[in-house]
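**Q** Sequence:
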Amino acid sequence: SGESGAGKTESTKLLLQHIMNLCKGNSQLEQRILQVNPLLEAFGNAQTVMNDNSSRFGKYIQLRFQNNTVQGAKLSEYLLEKSRVVQQDTGERNFHIFYYMFAGLSLERKEMYGLLDPSLYRYVSGGFGTQDVAEHWKHKYEEVCNALDMVGFQEQEQVDMQAILAGVLSLGNVTFESEERYGAVKVSEASQGWLKAAAVKVDVLSQFMCCVPCSPVSPSVSRCCSLCADARDSIAKVAYGRVFGWIVCKINELLAENVDPEVELREIGILDIFGFENFAVNRFEQLCINLANEQLQHFFNHHIFQLEQAAYKEEGLPWETITFNNNESILNLLLAKPLGVLSLLDEQCAFPQATDKTFVDKLNSTFKGNLHFHRARSSVLGFSIIHYAGEVQYTARGFLEKNRDTLPANVRGLFISSVTPLLIPLNIHHEPRPTLARVKCGHEASLLWLDGLLVFLCPCQHSLMVLMERMYSANPHFVRCIKPNSQKEPGVLDDQVVLLQLQYNGLLETIRIRRDGFSWRPSFEEFAER
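If you're matching positions, the sequence shown starts at 24 in the working numbering and goes up one per residue.
Treat the hints as calculated values from the structure; they're not laboratory data. Be a bit skeptical, because a hint or two may be false.
[As the list claims (entries may be wrong)] Pair ranges (Cβ atoms, derived):
no. : residue 1 : residue 2 : range
1   : E287      : A399      : 19 to 27 Å
2   : Y495      : S148      : 38 to 46 Å
3   : D172      : N76       : 19 to 27 Å
4   : A279      : D112      : 49 to 57 Å
5   : N348      : E285      : 20 to 28 Å
6   : L288      : A157      : 16 to 24 Å
[Stated by the list, open to error] Under the rule of at most 20 Å between Cα atoms (straight-line distance), these lysine to aspartate or glutamate pairs were calculated in the EDC-like manner:
no. : residue 1 : residue 2
7   : K82       : E370
8   : K385      : E370
9   : K97       : E33
10  : K133      : D112
11  : K209      : D283
12  : K273      : E370
13  : K273      : E424
Ideal Cβ placement from N, Cα and C applies to all residues, glycine included.
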């Protein structure tokens, strides 16, 4: 764990290489495990203001062992930031794969997929920079193609995948206008070409997006066009999310262990999760990311401080209690029922007339006087939360829409009737969104977790709750990654930036408990032998 840009993903790669080298395992499997990284990073990573290769999803890698040899592996992904497909803030980019395609595809291939100059696409932000950058992206595209071949994607599947991505980009340029004769909304004449580039069944796609009736003389025409744009973006996000989920499924097929199912395997799991984020503009996604980090910090506190000191007390050892920054009150603010931030958000989503403003008003009245909650200090519609790592101001615009994550019923029919085979099975496995729930972790401290936190961003099988339960049942080791500076510069150590992280992570207190306590605990057998 650590801040965005602290080096978690790179450390994970090194740790995987180290474990593989130690166990002298299956060399072919080892290469496969290491080679899937370029694929995951191309489709799941993007440039942010804090990190040029930021993971926009969380991954949990399970290594399965038999007789101290790695027999297989499994990857679980969650909380993919699908909204990045349709919107990026200043200084940020879309997922890497889109830029790699523009740099790496031949002119013939681009023509086949209907790709034009990248500057024309609304979904692709950020300039293409220097020739060196373009060459780097071209090399990365070749890495992705090699990884796709290695994982076992058939040539037609790779063509379908890239056709979907190109279609997503074209779909983003479709705009809408009122249709005077029928009092409805239609795809604008200027973007008919983009619509044709995005879909083979143009009429079906157009009908789905323009299913909102409105009067041409009504002031709500702009609102109707906005709803159609939301439907367009919804299709783009669903399509990209399905492609990413499908890639992970194919990777797991490749890495699955080939052993007798009756044989019990031991396991080492590595969690590489997105770091704490505080941008100029923080949205719903940042709240979910920071909540996950709050939970991991609580998990760290539970093991390093609560369980450790309880063991000393139980054995009657002379011990002066070490205090630490307990963030349980922040988790209660976010997750308590029925008056936590996310419970109130769910409540507002149940009311058709509710808006982002009514949600913020509800928060302001409910948490007046709460030490971890502040009203917005400006005219911006939002609120601030004092997290364990510092204060973050959230912009509330879009909170209700993203929490609902609505997928109209007819979009399923749209995918099922697709002429691209890849999209058909992707839709069939769509999971319904679970509700928020209170779950106890089976330990002294009753914690509040969010059932299916990731699912209201992406429909995947492993929720954050399941992950936390798995971690509580394991013997954890914590790797704390420290970001050396905020300028993304190599070889520069900013003392204040480092000290702040040591303080809010609780590492100074951790050093004290390790120094004053009993950090090495051999078994009686080890002690006697020594």
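**Q** Are the hints correct? Go through all of them and say.
**A** Comparing the hints with the structure gives:
E287 and A399 have their C-beta atoms about 54 Å apart, which leaves the hinted 19 to 27 Å range violated. The hinted window of 38 to 46 Å between Y495 and S148 holds, with their beta carbons roughly 40 Å apart. For D172 and N76, the hinted distance range of 19 to 27 Å is satisfied, since their beta carbons lie about 23 Å from each other. Range check, A279 to D112: Cβ separation about 39 Å, and the 49 to 57 Å hint is violated.
Look at N348 against E285: about 47 Å separates their beta carbons, and that is not inside 20 to 28 Å. Hint check: L288 to A157, Cβ distance near 45 Å, so the stated range 16 to 24 Å is violated. For the given pair, K82 sits about 30 Å from E370 by alpha-carbon distance, which is inconsistent with the 20 Å threshold. Taking the CA atoms of K385 and E370, the gap is near 10 Å; set against the 20 Å cutoff, the hint holds.
Under the criterion of a C-alpha separation no larger than 20 Å, the hint pairing K97 with E33 is consistent with the structure, at around 19 Å. A distance of roughly 27 Å separates the Cα atoms of K133 and D112; the hinted pair therefore is violated under the 20 Å criterion. Restraint check: the Cα-Cα separation between K209 and D283 comes to about 58 Å, which exceeds 20 Å; the hinted pair is violated. Restraint check for K273 and E370: the C-alpha separation of about 38 Å exceeds 20 Å, so the hint is violated.
In summary, the hint linking K273 to E424 is not supported, as the alpha carbons are separated by about 31 Å, beyond the 20 Å threshold.
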